[in-house]
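Start from chain C and add chain D according to the hints.
Residue numbers (the numbering used here), protein chains in the order written: chain C, 1 to 161; chain D, 1 to 300.
A couple of the hints might just be wrong.
Restraint-style ranges between C-beta atoms, simulated for each label pair [unchecked claim]: (1) C:Glu16 / D:Pro58: 24 to 34 angstroms; (2) D:Arg284 / C:Asn37: 51 to 61 angstroms; (3) C:His100 / D:Glu143: 50 to 60 angstroms; (4) C:Ile7 / D:Val291: 45 to 55 angstroms; (5) D:Glu289 / C:Asn86: 44 to 54 angstroms.
By construction, these hints were calculated from the structure, which means they are not laboratory data. Beta carbons are placed, not taken as given, at the ideal position from N, Cα and C, and that holds for glycine.
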Amino acid sequence: MSGAERINVRVRVNGERREALVEPRTLLVDFLRENLNLTGTHIGCDTTYCGACTVLLNGRTVKSCTLFAPMADGGEITTVEGLSTNGTLHPVQHAFAECHGLQCGYCTPGLLLSTLHLLNENAKPTEKQIRKAIAGNTCRCTGYQNILKAIRMAAGEMGKR
Amino acid sequence: MYAHPFSYHRAKSLREATELLQQLGEESRVIAGGQSLIPLMKMRLARPSALIDINFIPGLSEIKNENGELRFGALARHTDIETSEHVAAIPILHDCAAGIADVQVRNQGTIGGSLAEADPSGDWGATLLTLETSVVCAGPQGERTVKLEEFFKDAYTTVLGREELVREVVVKKPPRNTGGAYLAFKRSAPVYATASAAVQLTLDDKNTCKDIRIVLGCVGLTAIRAKQAETELRNKRIDEQSIKRAADAAREAAEPQSDMRGSADYKRTLVKALVKRAIAIAVRRARGEQVEAGHEYVGR
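Okay, chain C solo, but in the shape it has when bound:
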């Protein structure tokens, strides 16, 4: 990597200003994991399919394996590390734990952020809207039923706040 062009990428992650000097080809997911040490965001398929690397960029979900880090420069990012506050789980996290919406947990960070994005846009999603919202997140363990249950519960809990 020595000698290759590097550019500075500045973002705000989970409310904190962060920056690093990286090669332009650095993927956003590697920037988060390797440069910023935020390893909660996972790399699954690395081919824009599975959604394990889903994060919020400027309020919208993206697959962070399919973005070069410089493209996110100046952006506001939320990763799974930014969901809980002072040790208290976010209602979406709580619902996934409560409903057993995970088994191995590898896909969970991505699913949490896809759920949060859905509920931010649509507080009372229908079953069909929930399914559409997580169509870009693959889970190889659960068979999705408890994930759907968790999202319905999270919608209910967030609606009360």
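Frame of chain C, contents of chain D only:
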């Protein structure tokens, strides 16, 4: 997976983007949403030496509704189009935008990038070819407007010159009593469709088809206009028999390849079924009915 190293250039204006294309030469490429280009680069199927990022150019993602036209800035994301109130008046555009890949990809992918990429399995080509669509291309000598029919030349190939890029996509609003539908069949949300059918038709009384366009996606090097299928319906009554004749003609017009998504024969059969259903939905919509349509996959 890592792309081959490249130099990164951020354009602040369209003019700067075309200047960079001139300066950086043959091996440079424009990047918009990156949802096709980045996977290609990671698989090393594309290895540009320089990328010109146009995402920071202001005002390039607007959707305007003026003078009987919808004008999409090149950077309008599929999600912006899906949720645009202007687009609701042309249901076929919503069908397409709302089902491309998955939420994450729709949040990032752009209409301009999709057309410029000219992937034979792209959704926008087939959809927009059923409408009066033109592409505004910006280059060092200024702008030119190209009809979409003339924009696509071959798989992954458009009329865009080396130093040109898409600025805007312009769609003329269809006349009254027009309806359309885009149906795409895929095995799961994030993948490309196996086959797709786009139909846009105008009725002159309740049963006669005044005009029609039928375009097939994923079953040729570019989207294919099924002209014989259109002839089966133009100026004719739309009934079960004529729809069947059109669907049969569409099946013949398809030029699919056997691949991991299915055999050529399977895709032809799929085309026939999709065209048949798309016509039926288009007719209902032309009569003012609200009907849901779009991409279909397991677990929907």
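Outcome of the hint check:
no. : hint                                    : result
1   : C:Glu16 / D:Pro58: 24 to 34 angstroms   : 27 angstroms, holds
2   : D:Arg284 / C:Asn37: 51 to 61 angstroms  : 55 angstroms, holds
3   : C:His100 / D:Glu143: 50 to 60 angstroms : 57 angstroms, holds
4   : C:Ile7 / D:Val291: 45 to 55 angstroms   : 49 angstroms, holds
5   : D:Glu289 / C:Asn86: 44 to 54 angstroms  : 53 angstroms, holds
The structure meets every hint from the earlier list without exception.
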